[in-house]
Every structure is written in C-alpha cells, then in structure tokens.
Amino acid sequence: QVQLVQSGAEVKKPGASVRISCKASGYTFTSYYIHWVRQAPGQGLQWMGTVYPNLHAAKYAQKFQGRVTMAPDTATSTVYMELSGLTSEDTAVYYCARELHGGTFDFWGQGTLVTVSS
Amino acid sequence: QTVVTQEPSLTVSPGGTVTLTCASSTGAVTSDYYPNWFQQRPGQPPRALIYNTNNKHSWTPARFSGSLLGGKAALTLSGVQPEDEADYYCLLYFGGDTWVFGGGTKLTVL
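Going down the list, the sequences are from chains A and B. Position 63 of the first sequence, counted from 1, bears residue number 64 in my numbering, the numbering being contiguous throughout. Position 100 of the second sequence, counted from 1, bears residue number 315 in my numbering, the numbering being contiguous throughout.
Hints listed in this document are in silico derivations from the structure and should not be mistaken for laboratory results. The model shown is predicted, which means the values in this text are computed figures rather than measured ones. Check the hints yourself; a few may be wrong.
[Unchecked claim] Among chain A residues calculated to face chain B with C-beta under 10 Å, some are:
id : residue
1  : Q47
2  : A62
3  : E100
4  : L101
Cβ atoms here follow ideal geometry from the backbone N, Cα and C, with glycine treated the same way.
Please take these sequences and the hints and turn them into a complete structure.
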C-alpha cells in the first residue's frame, strides 16, 4: 500500500535550518511528484513547492525562494525538504503529499511539527 | 500575488446539502486549474476527496461531488453526515508547476 512516512518533530532556534524527510513506499517513486505543504497553528494550508524525482527538478513558491531546497534520493525513495533562516513564523506542521502529474493529489504524509523557539 | 478564496465558514443541517466554492483572483476557474479538494479533521493530515474538478478517489463517499459553478470550482455535499464536520480546502494550479491553496472553509453540521 502507498505510504509517505515523515521524520519526527524538530525544535530549532531562530536562524537555524531544518531538514525533514518523506520516505515513500508502495509505488514507483520516480513516477509521482512530491509536494510540501505547511500549516501554521490554527491556520490554513500553504503550498511550499514540489519536486519531481525522475528529473531531480524542483519548483518553489515565491514566498520560499532562496530559503527552501527540496531534493529526492531515488536510492531510498525519500524526498528531503530543507528550510533555512528559520523564524518563529516557520513554526508549523509540514506535510508531504503525492501528485500524479496532471493534478491528481492523493496520499499525504502524517506531518512533521517544526517548532522554532529561542 | 494570486489569491484563492473560499467561504470562511458554512453551517448545514444533517441530511442537508451544501456547496463550497473556490475562486481565483486571476479570473474564472476552469478545468485547466485542475481543482483538488481536501478534507481535514482536527489533528489529522488532509485527506484528498476530489481531483481534476470532479473525479473522486476510491475512498471518497458518494455524497461528495466536484464541479465548476459560475466561474468557480465547487464541492457539493448531499445528505450531509455529522462526520462531515471538518475544514475543507481547495487547491488550484497556476502553471509552471505552481499551486495555491484556498484559505479553507470550516463546515459545521448542526
């Protein structure tokens, strides 16, 4: 069965970076996009960007340009998302989600809570 | 900056019908925006309901349907159940592999 399993919760200080993983299983890893979405406490969903493992190509929302990197590891069917220059506004639950190119979103990871606090 | 707008909140009675909408600041939403709809209950990750305007996943209850309505994407719940109380989000495609979520609709079943 399809699963996206994310790494555990993180606590970071302002200015630090965080790297979250999303390990895929149960399907052909290189055939689907992986998107990253975050949700601040009590807020809505925010699209951060996407990576296509087959091409090692990524696209980021303008808001995160220069601060985010999404990269696949095809050997382990894992996608990593690194966010740098953390501030308290980056405190959120971060999700990965799968998309079959052409707009079909289906499975989501369980979420990773990132807390930024001094 | 592109904005996707949803009703902040809606209330529906059990067994009733409700339509949630999703509008784009760029103009009318068409199938080229590949509208997706997600349900999120408290403390849970989002769950995909509808993709590409009106396609259901195998797990999507039959009472959920997607469409285009008056230049917006729409999600209609017919015969609402108490367990449908949740937040609902739409997601639209804006080209160049970029997507934007709506602000979400909090649906209350009362």
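Going through the hints against the structure:
| no. | hint | result |
| --- | --- | --- |
| 1 | Q47 | holds, 6 Å |
| 2 | A62 | holds, 7 Å |
| 3 | E100 | holds, 9 Å |
| 4 | L101 | holds, 9 Å |
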